[in-house]
Each structure stands twice: as structure tokens, then as C-alpha cells.
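Could you slot chain B onto chain A? The hints should help.
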Amino acid sequence: MNKLDKIESKYLKTDIPEFSPGDKVRVKIKISEENKDRIQVFEGIVISIKGSGINKTFMVRKISFNSVGVERTFLLNSPVIQSIEKVNEGAVRRAKLYYLRDRIGKKSKIKSK
Amino acid sequence: MVNAIYGKKIGCTQVFNKNGNALYVTAIEAEPCIVIQVKDNEKDGYNALKVGFGKIKEKKATRPHEGEFVKNKVNLKKYLREIRVDKFDREYKPGDSLDLKIFKVGDKVKITGNSKGKGFAGVIKRHGFHRGKMSHGSHSHRIPGSVGMCATPSRIAKGKKMPGRMGGSKVTVPGSEIVDIIEDQNLVLVKGSVPGAKGSLVFLRKI
Chain A
1 MNKLDKIESK YLKTDIPEFS PGDKVRVKIK ISEENKDRIQ VFEGIVISIK
51 GSGINKTFMV RKISFNSVGV ERTFLLNSPV IQSIEKVNEG AVRRAKLYYL
101 RDRIGKKSKI KSK
Chain B
1 MVNAIYGKKI GCTQVFNKNG NALYVTAIEA EPCIVIQVKD NEKDGYNALK
51 VGFGKIKEKK ATRPHEGEFV KNKVNLKKYL REIRVDKFDR EYKPGDSLDL
101 KIFKVGDKVK ITGNSKGKGF AGVIKRHGFH RGKMSHGSHS HRIPGSVGMC
151 ATPSRIAKGK KMPGRMGGSK VTVPGSEIVD IIEDQNLVLV KGSVPGAKGS
201 LVFLRKI
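Here the protein sequences come in this chain order: A and B. So that you can map any letter, position 77 of the first sequence is 77 in this note's numbering, and since no number is skipped, the others follow by simple counting. So that you can map any letter, position 127 of the second sequence is 127 in this note's numbering, and since no number is skipped, the others follow by simple counting.
Simulated from the structure, these hints should not be mistaken for lab results. Don't take every hint at face value.
[Said to hold, decoys possible] Here are some chain B residues pointing at chain A (derived, C-beta under 10 Å):
id: 1; residue: Val15
id: 2; residue: Lys18
id: 3; residue: Val25
id: 4; residue: Glu29
id: 5; residue: Asp180
id: 6; residue: Ile182
id: 7; residue: Leu189
id: 8; residue: Gly192
id: 9; residue: Ser193
Note that CB positions come from ideal geometry on N, CA and C, so glycine has one too.
Okay, chain A solo, but in the shape it has when bound (with noise of 0.2 Å):
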């Protein structure tokens, strides 16, 4: 172990669930307002997972109102997530399903393990 993983060690959460791309994630998001904090909670499916150690990164797609696609990048062990929760797990053949972002209505589906 190198020193700069050391480093990173201190800051790297042990909670996180494992999950990959397709599954269907809850993500509750700390947002602190003027004086006080709330949760956002941001559903959709993981398109991506980048990165390894304190810099490792997921997307998250969700379709939003008037069926507009909406995608959110996190840095996984980023303070701001409060938890991650997998809802379902999709049976996916890729490693990143940028191919989503052109299908719309049931194409877009994922099959469900």
C-alpha cells in the first residue's frame, strides 16, 4: 500500500452497497440550505461506474417529467451521500448503458434479474 492510499483510506466509506450498472438505485442526497439540512432522494438506473479508490464515480438516469432524461454523477464516497439503496437489480450485457439515452418508452426498459 502506497502512501497516497493510505491517505485515501481515511477517507473511504465501508458502507456502500455493492451495485453495477443497471441496477436500480435510491440515492439520498444531503443538501444543506442557508441553515439547515435535508434529504434528496435520487432514483434511477446506474449507466456507469468510473474510477477506482476516492475517485471512483456512478451515474445515475432517471426520466424526470415530460419524459425528459435526467442524469446525475456522484463520487461514491462523497460525504453529501447520505445511503444507497439497490431497488432492483437489472440484467444488463454492458458495462456502460449510454445506448439508453437514445431509446425512449418500453425500449428504454431494463429486463430485471
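Frame of chain A, contents of chain B only:
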């Protein structure tokens, strides 16, 4: 008060602060510096500590270098440097060590290091000149432009910015914030980048 220390650049990484923001930090390893000699105003004309820092194999040290350490009965170190001090807050003697306790999280430090050599660089990289058009019949892509003119002044002004050797010089970053101090590993994390390659010597002084 002694408010400076020498360290070794380890590398860059990313950490989170209390608000959940990811910060770009540089890790600097500051093993204790060993005091070799104390210079004072009366005897030497200025206050300073002569310190040793870093590991070195015994056979690699030159005789004069080794002599400095043998004379003052301290362990051999790689680098031999002086830290100027305005006023001593306590008495120092050879063999004492300076460590990271002089800093605390949130302090601002000046960091001095030797920047990476960039070789012979053009004016765009070296001085931040703008480039010319790359197409539409232009031949002036990355050239410095007119430098001396024809009749007036028909010479090149002194100090004109030109291509040449870049980097490999002493650079000081004016105010980097200390994000974290890991005492058991002698590591200090400072916000932002630090001049020099990994493993190079850097100097930290509290502002």
C-alpha cells in the same frame, strides 16, 4: 519562533472536506528535520537553524557533507539547509527535531520548490502568448511575431520575451491552506498543487 520545515512531495490526491466538497490536495511528507547547528545574532550576524533532512546511504555522502553531521554528533541526512528565524522562542541544540507540530489544520503556508524542467519551450507555453490562425492561409501558427522592427528601433528591446529554457527554477506558491495533518505518518495535505516532481524537496513556511 520557528515556523518552517522541509518536506518531500509525495503526490496528489483528492479528499473531502466537512461540506462534502472534493478538494485537490498535495501530500507532503515532513519527517522531523534534525537541528545540526544553531546560528545566533551575536555570533553569526543572523538567527537561523541549520537542519538536516531526508535519508541517504552512508557511502553516497561526501566527506565535507558527512563532516557537518559528525562534528555536531547527529545522524547523517541527505539535505543540509538553513531555516532563518526571526526570534527563538526556546533554546535549540544540535540533535533537536522540528516536526509538523508547528502547523495546524487551516493554516496558510508558503511552499517553495524546484519546478519541473520543461526544456526549450516556445513563447506560448513559456510566456502565455496568443497563437496565430492555424488555417485560412496563415503561416503564423505559434511564432512570437515581430520583435525588432525595421527602422525604429531596429533592435530588440532588452528583456524581450522569447523562446528558451523553461522550468527547473525555484517557484513559490504564495498561500496554500493546510487541509489535514496525519501525524503518525508525518504527512501534511495542502490544498492545490506544489512545484516540483514527486520525491522532490519542498520548503513550507507558515504565513
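Comparing the hints with the structure gives:
no.: 1; hint: Val15; in the structure: holds, 5 Å
no.: 2; hint: Lys18; in the structure: holds, 8 Å
no.: 3; hint: Val25; in the structure: holds, 8 Å
no.: 4; hint: Glu29; in the structure: holds, 7 Å
no.: 5; hint: Asp180; in the structure: holds, 8 Å
no.: 6; hint: Ile182; in the structure: holds, 7 Å
no.: 7; hint: Leu189; in the structure: holds, 7 Å
no.: 8; hint: Gly192; in the structure: violated, 16 Å
no.: 9; hint: Ser193; in the structure: violated, 15 Å
Going down the numbered hints, you'll see the structure goes against 8, 9, while the others check out.
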